[in-house]
Amino acid sequence: MFAATLSRWTMSYFAAALIFLVLGETMMVLGFGYPVLALEAPETLALVHVVVLGWLSLLMTGALLQFVPVLVGQPLSLPSVALPALLFLIGGIATLTLGFVGLSGAIDLPVTLLPLGAAFSIVGFSVLGFSFSVTLWHARPLPLPARFVAVGLATLFGTMLLGGVYAGVLSGLIEAAGAIDLTVDGLSLHASLGLCGWLSFTTMGVSYRLLTMFMLSPDKERTSSRLVFVLGVLCLGLLAAAVPVILVGTVGRSPLFLLAVGSGAAVVAIYVGDILRIYRERRRKAIELNSRASIGAFVSLVAAAMLFVALLSAGRLDEAIGAVIYLATFGWLTGMGLAQLYKIVPFMTWLECYGPALGRMPTPRVQDLVSETSALRWFRLFYLTVAVGTLALLIGSALLFRFASLGQLIAVNALILEFVRTRRLINVPAELRLPDGLVRPGLFLPSIPHGGSHEPRSL
Amino acid sequence: MSQDPYELDVRPHLRGGSDPFQAIMNAVDSLAPGQALKLIATFRPVPLFSVMAGRGFTHQDRPLDNGDWEVLFSPEGEVEEIRLSAGETDLDTWPDPSRQLDLTELDPPEPMVRILATAEKMAEGEVLFALLAREPLFLYPELAKRGHKWAGNFDTAGETYRILIRIGGRRSHVGA
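Same order as they appear, the protein sequences are chains P and S.
Counting with the working numbering, you get residues 4 to 462 for the letters of the first sequence.
Counting with the working numbering, you get residues 45 to 220 for the letters of the second sequence.
Among the chain P residues that face chain S by a calculated CB cut under 8 Å, a handful are: (1) A7; (2) T8; (3) V73; (4) L219; (5) K223; (6) R287; (7) L354; (8) G358; (9) L361; (10) G362; (11) R363.
Quick caveat, the hints were computed from the structure, so don't treat them as lab data.
As the structure is a computational prediction, the values presented were derived from the model and not from experiment.
Positions of the beta carbon are idealized from the N, C-alpha and C atoms, including for glycine.
Could you build the full structure based on these sequences and the hints that come with them?
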């Protein structure tokens, strides 16, 4: 028998992820790293890892803990790894960030922090990846969204291995020539596998399922979605093929790269077509804020892809790649993450708090846990600052970028406050808030039930 | 999804004295997935029923006014795996549903709320039948906690989830 239970630690993953996001935004406001410093500066690497590992990857793994079982209709294998993995990841990402700060010379820190942080992060992601992979393995044949997740996990693994090599080389632990070649030549590979593979491809797969679920659209597997999958695998495979090419030292990387760009652009185009169809064919007439706010993310994805292709054909990719990465990381991935949190947090809170009382006494609706009008303002400010920030990077104005980041920091904090209000049931009408016998959920830690209404099934 | 049946009239074959079996099998082979075959013959083709059953078709036959017969062979859809609640679940012993709910047009999680509210009003041993647009994965734990049993699967088109819920004894309460 399978039943989807609430993932116990997902909310803790989300909380940790949001703290890293605030940290990253603060670094950008203070001018730490790019664009004040170079794209390759250690300060920029510290910032990038705070955002991409601390925020986006913790968010993704926390969400997968809840959604992998829902995607495949099987309980999560080894659910007890969730908490230790979270502790490894928080420690590992913080240490890695300090390692980069130490590398910049800003503070005198031991150089071993870098490989140590990398090792902790790799352990954390690996045990989670193992738990997800075993779950998927038991659920074969996989539905299409789950196949996206499987490929995303494979690229996470590849990205981690490359990252581990870089950490070893940068700290002087590894001196093999091949490893040094990979570090010098393959940095963009590490970044593109992480951003395009692990984060974007997994997001695409999960979005097929979540959007159809939230908007009551038909969710039959379509040929176009399968094509997105096949072309995406081709694109990521071509990127990964660059590793042996670099190691062997042969030329011929540009055809590989161009083919990857071509298939990647096709993936984005067909995927966005699918998404448009999901919105158009929805049976739920009113679009809730989470689906509305996701539109900004899809627009950002298309804009980032078009900007990339335009810069590439104009031969100006090197000078403006930072703007593309920024737009993809903040507009597409962060925008999507915040928008979906706006649905996932109230739903999980509602089920955790009111599940035991459903049907037995009047309970609030999920929508009673949120206040869309106030959150809508902050989503608007968020996307506005993404647009201004991208523009600032394109015209090379660090001051404008920091100003945009300040606006973004405010928007992000305001949205976090909305999540807190949801967890605290503040938006719920007082007479419905806590009927007799119900317990208010913890802010981000699982409550320990006493003979309880909810079972700690997945610890 | 539903396609018009392919119509095959074998009366000319039969009147001409030839065996229409091969023509029928060719027609069956050319059917689209899910498509039915409408056969018109001068007699009730009983031997064909078992042949077609072996190929996964059920039949409905009716006599025509002029003494000829029309038989509709419909493909049996692939039956989706049935999800059952834990423990002993012998559906044959369940009574017919006393309540039916069509929840296919409701936004999630409203179907779950309606099912649980309806279940509260029903007596032990009664059965509730509900149609949903999605498999209610988050409903199952609540049903289990309340001691209800269930069985459900998707229809052959994969579009509607059908669930039978048998009300259990009231053994679990809020805060208990």
